[in-house]
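Asks: Since the structure of chain A is provided, determine the placement of chain B on it from the hints.
Same order as they appear, the protein sequences are chains A and B.
In our numbering, each residue's number is its place in the first sequence (first place is 1) plus 802.
In our numbering, each residue's number is its place in the second sequence (first place is 1) plus 802.
These are computed hints drawn from the structure, not numbers from a lab.
Just to be clear, a hint being listed does not mean it is correct.
The list cannot tell twin chains apart, which means a pair is met if one copy fits it or any two copies do.
Stated by the list, open to error - As a list, the in silico BS3-like pairs of lysine-lysine whose alpha-carbon atoms are at most 27 Å apart:
no. : residue 1 : residue 2
1   : Lys1113   : Lys1205
2   : Lys1384   : Lys1427
3   : Lys1416   : Lys1205
4   : Lys1435   : Lys1352
5   : Lys1405   : Lys1427
6   : Lys1352   : Lys1384
Protein chains: 2
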Amino acid sequence: MQTCTNLELNNVKITSEFWNRYRELIVKEVLPYQWSVMNDEANIHIADDPQKNGTTKNSHAIANLKIVASKIKGHHSGFPFQDTDVYKWLEAVAYSLRYHPNDDLKQIADKLIDLIAEAQEYDGYLSTYFQIEAPERKFKRLKQSHELYTMGHYIEAAVAYYQVTGNEKALNIARKMADCIDNNFGLEKGKIPGYDGHPEIELALSRLYELTHEKKYLNLAYYFLKQRGQDPKFFDHQIEQDGFDHDLIEGMRNFPLSYYQAAEPIVDQETAEGHAVRVVYLCTGIAYVARLTGDQDLLTVCKRFWNNIVKKRMYVTGNIGSTTTGESFTYDYDLPNDTMYGETCASVGMTFFAKQMLQIEPEGEYGDILEKELFNGSLSGISLDGKHFFYVNPLEADPTASKGNPGKSHILTRRADWFGCACCPSNVARLIASVDQYIYTVHGSTILSHQFISNEANFDNNISIIQSNNFPWDGNISYKIKNPGENKFKFGIRIPSWSQCNYKLQVNKKDVNLPVKSGFVYIFVESSQMQIDLSLDMCIQFIRANNRVKNDLGKVAVQRGPIVYCAEEMDNSAPLWLYRIKEQAQARYHYNDHLLNGIGTIKVDAEVLNEDSKDDLLYTTVSNKPYDWHESKLSLIPYYAWGNRDDGQMSVWLNKEY
Amino acid sequence: MQTCTNLELNNVKITSEFWNRYRELIVKEVLPYQWSVMNDEANIHIADDPQKNGTTKNSHAIANLKIVASKIKGHHSGFPFQDTDVYKWLEAVAYSLRYHPNDDLKQIADKLIDLIAEAQEYDGYLSTYFQIEAPERKFKRLKQSHELYTMGHYIEAAVAYYQVTGNEKALNIARKMADCIDNNFGLEKGKIPGYDGHPEIELALSRLYELTHEKKYLNLAYYFLKQRGQDPKFFDHQIEQDGFDHDLIEGMRNFPLSYYQAAEPIVDQETAEGHAVRVVYLCTGIAYVARLTGDQDLLTVCKRFWNNIVKKRMYVTGNIGSTTTGESFTYDYDLPNDTMYGETCASVGMTFFAKQMLQIEPEGEYGDILEKELFNGSLSGISLDGKHFFYVNPLEADPTASKGNPGKSHILTRRADWFGCACCPSNVARLIASVDQYIYTVHGSTILSHQFISNEANFDNNISIIQSNNFPWDGNISYKIKNPGENKFKFGIRIPSWSQCNYKLQVNKKDVNLPVKSGFVYIFVESSQMQIDLSLDMCIQFIRANNRVKNDLGKVAVQRGPIVYCAEEMDNSAPLWLYRIKEQAQARYHYNDHLLNGIGTIKVDAEVLNEDSKDDLLYTTVSNKPYDWHESKLSLIPYYAWGNRDDGQMSVWLNKEY
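Next up, chain A with everything else stripped away, as it sits in the complex (with noise of 0.2 Å):
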């Protein structure tokens, strides 16, 4: 019997029918669909891009590495980092080899990684949009070039890809184009004292510094975050010295270096401004290189962006960015509903940023939000058929105003085949392909459940966990541990803070009363076994912003577990903003099997104005035309599954008496 000093979890094979309803559609649907509009191969509309950039009706992701590997002449076309839909494509492979082994498609992503090779030059670059249309100009435009962020991208995809199937030919790619970069970027005399205009690179180093232990790589991440706005001239000097002639993106000459987290050292920044993305990249980044390296300082500054975009601008969904003008952050507080941003690789960004912060530290919060994330705010960017994507995700939508006014023209209320700039669909496939990494994280000698998805993980000494659940519809949360080496280890479980007033916890079904430190419950294990039995706390809620949130005074959220409702104009009668939830309403639960692939509805209490006519006047006084409220309820369907029917308003904050 010994105390585990440093236990490793090795491998999590998840059992959660919701979760494997999603994996699997990501084998059997989302990949081979990307697959083909990557190739153009699909018949597909591809939306008006939210940023109005694109250039293309068609991907040609895969086109653009043929013809940079001269297997085809031609064009680039799309974004200058258009090849990240490749690699974050190729990236979600990996993940899903490891629970759903494919011989073709791991033959389809072997001949990719050959492609790519031949794609890459001999010092180790790869852009193929530069490497077609300007290659004087590489690493000259880093503003806009979206090179370092691109290469990132494959550096990822190559790291899982080699742990999944030991590829070393994708890990060399990853390695040679580290190097490259190294060889160019840098404080020394020769180098480019710069950073990518989007942060990426930063986390992909950490990872590929996990791996392969090359310390250079941690030193490059921990540069380029120390670097990052030391001098706020360094872009537009860059571009002068280039010759300016266009933008490589069409109006981003016009955003403020805030924008790109480059207006000030990054120390020095009090807030998360600028584009949410590139926020949560660099907080990601961050955070794995401070904890990577110690560095005290920029723990600081990854919890200090946390504070502020959780505690200030995040909406209840755990969607983030304020508005759609460079898919922004805007002020504390300010989180308007139709007219908002919310995009999907924000979201799944900030998964990455809070499962970092797990590693760095076991407190509950992170947890909280990386469920939060999981459940709403990311899985809302994929439909139920896994063909159709949301880039933009509201918090309140009408197809009326949509189409009508063009202050919400980005917003979409059906998800679309696909985009001009889409980022977002590979990103939250490979969410959804790795979610088996989120569960768990250990911490020496204690392992953190912090996520209630059903799975059977193995770590080290031969300690098995056997979670067991039928979340998120029900709280029943089991463990069972198997620990024959009767080894010593403290087991945490989260207990959610939407759960932290009522929750029950038996250990060997015996009733226990642990105190909940930092959001966990510790079980200390010894045994060789154990079961545990954690009852969480699955009323419906009513849930309130802080009233300086100007947007939702009056109004509540419907949240039951981690789920966060909204109402759709089919569900009820249009339009929404004319129920009121009553002061003491009732709410109800129930399973609906055949809706939506099977989710949990809620009925809750209401009153309903009748509409008023179109012959009545546009303004009246309310004397003369009194309210005319009637019983009615309200019918809501968790915030992931909406525009999953037909087109219709849809509103997550609902008036209620107040």
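Replies: For chain B alone, coordinates are given in the frame of chain A:
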């Protein structure tokens, strides 16, 4: 004793304290100030143009004319329609000379007319932008050129200036312009089968016709109205034929044809679409021509537009234009308060439209809307000191939001010194200077008194009317009619919609009870003297919107008489959204002589929530943190007077228990 057949209104002298303060401001501050701005002699800060097309930090409007007249050398600066600032100023000068003769000012104006004459080409053409920068493109870019719009504004100014001063030269320039346009436009061979992208010439030609009785001007106006939208490809064909190189006004190529009301013939247009100012200028032209020609199709069109705007698309303050994109209408009942546009010019244009409709038929609603615009939507465009202006008039504003959320950056919370696109300052000036023309409308032997603005009016047959009141603060309106010839005529008084449930009318000190017919009561006059006393309902009213307006649900606007009120942060504790007017709230009115040049203020019983702390959770359950109301009051001021003190929040719509 005879029945009048066609009464004529000779002149109106305003005695209203409220309006005379503004009218003296026009003379003493606004006109000299605007003259110095247009001559680039004012030390001002020009606000970022709402359309972001400002190319100059100076107005340069007079300089452009001097360049064309070969007085100085240089390039054109400003918008293609920069000349109109001068013309609208000249028109305001004309009106001012009627109530405030000023030889110095008249001399300046006469000299300006000399300059304009020198700038005009032999054929009558005058548009300094094209004359200086692109003479080969005259009339070849009508979608964006504003040439007829520009000349239309001169024609309006000339008609007014000639009527007041008899300056023949001014009128001859206008005639030559109209002849030039007549020579170039029409369906005859060799003429341009088109029209201007910005309606205005139609109403200007109608005014010129009314003065000169030259039928061809009316025919030309009729042609423009009938031809508009007949060939939806006309504009783009013109540009293609001329060879496209760049937009005259950046971004305009992206606007749909509906922006220009050119997507289809106007008789087919069902709703008010596109740029709000264009719509109301067009409507004014349609109403003019419908009246002057008796064309029933045009009459139907202008009534249809009227109803759509007033009954579905107008803010409670009279402002119109629900989106900054294209400064446009959106769709029925879409009236967001904090992202809206509500351009000052659009409200001014509505007064033109309403006045024309009143000349067509004695319908009280036209007078109601005219009053709404005069006392609210238009008047808010100018500061109390006459030197600061709103282009955009929001119903809800917050400096933090304007600064921090790009979707609200078009909303200024302080009036600007001037604008790159300076259409609004001179438009509101010419309206105020001519408000004497908006009080009475004569139909044959009927005099309609539709605006309550103290005045002394003289009609032919020696009929005179002295209207006395302290409106808008007091609802007692008295008329002394002198009719020494004992002519028989009807005197119609508008009973405003806000007073139709409760008003008192006395004729010669005796109560009378007359039917309200389409918003008017009619008194038959035949004696040599008559005293009429009307007492209007000045109760404070809580106004609600039709509940199809999502953004106003659960809110009220507070109105007293014609004045719509708003809450400003400085009179209350911020944030304003934490207040709620109680169900049976009492409201008290108090005239404060010392505030904002003298205004009626209102205090309403309300309750207010304690502002949540920044340390409070962003989201929590309602049961964890119930609403914490305490008694309070809301202090309100007239909407037109907002933004004249320190920067802060403002809101017209206020939460109300509902």
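Asks: If a hint holds in the structure, say so; if it doesn't, say that too.
Replies: Going through the hints against the structure:
1. Lys1113 / Lys1205: between (33 Å within a copy, 21 Å between copies)
2. Lys1384 / Lys1427: Result: close both inside a copy and across copies, 21 Å intra and 17 Å inter.
3. Lys1416 / Lys1205: Answer is within; shortest intra-copy Cα gap is 20 Å, inter-copy 37 Å.
4. Lys1435 / Lys1352: Classified as both; 26 Å inside a copy, 19 Å across copies.
5. Lys1405 / Lys1427: For Lys1405 and Lys1427, the Cα distance is within 27 Å only across copies (23 Å; inside one copy 30 Å).
6. Lys1352 / Lys1384: Both ways: Lys1352 and Lys1384 sit 21 Å apart in one copy and 19 Å across, limit 27 Å.
In summary, the structure agrees with every hint in the numbered list given earlier.
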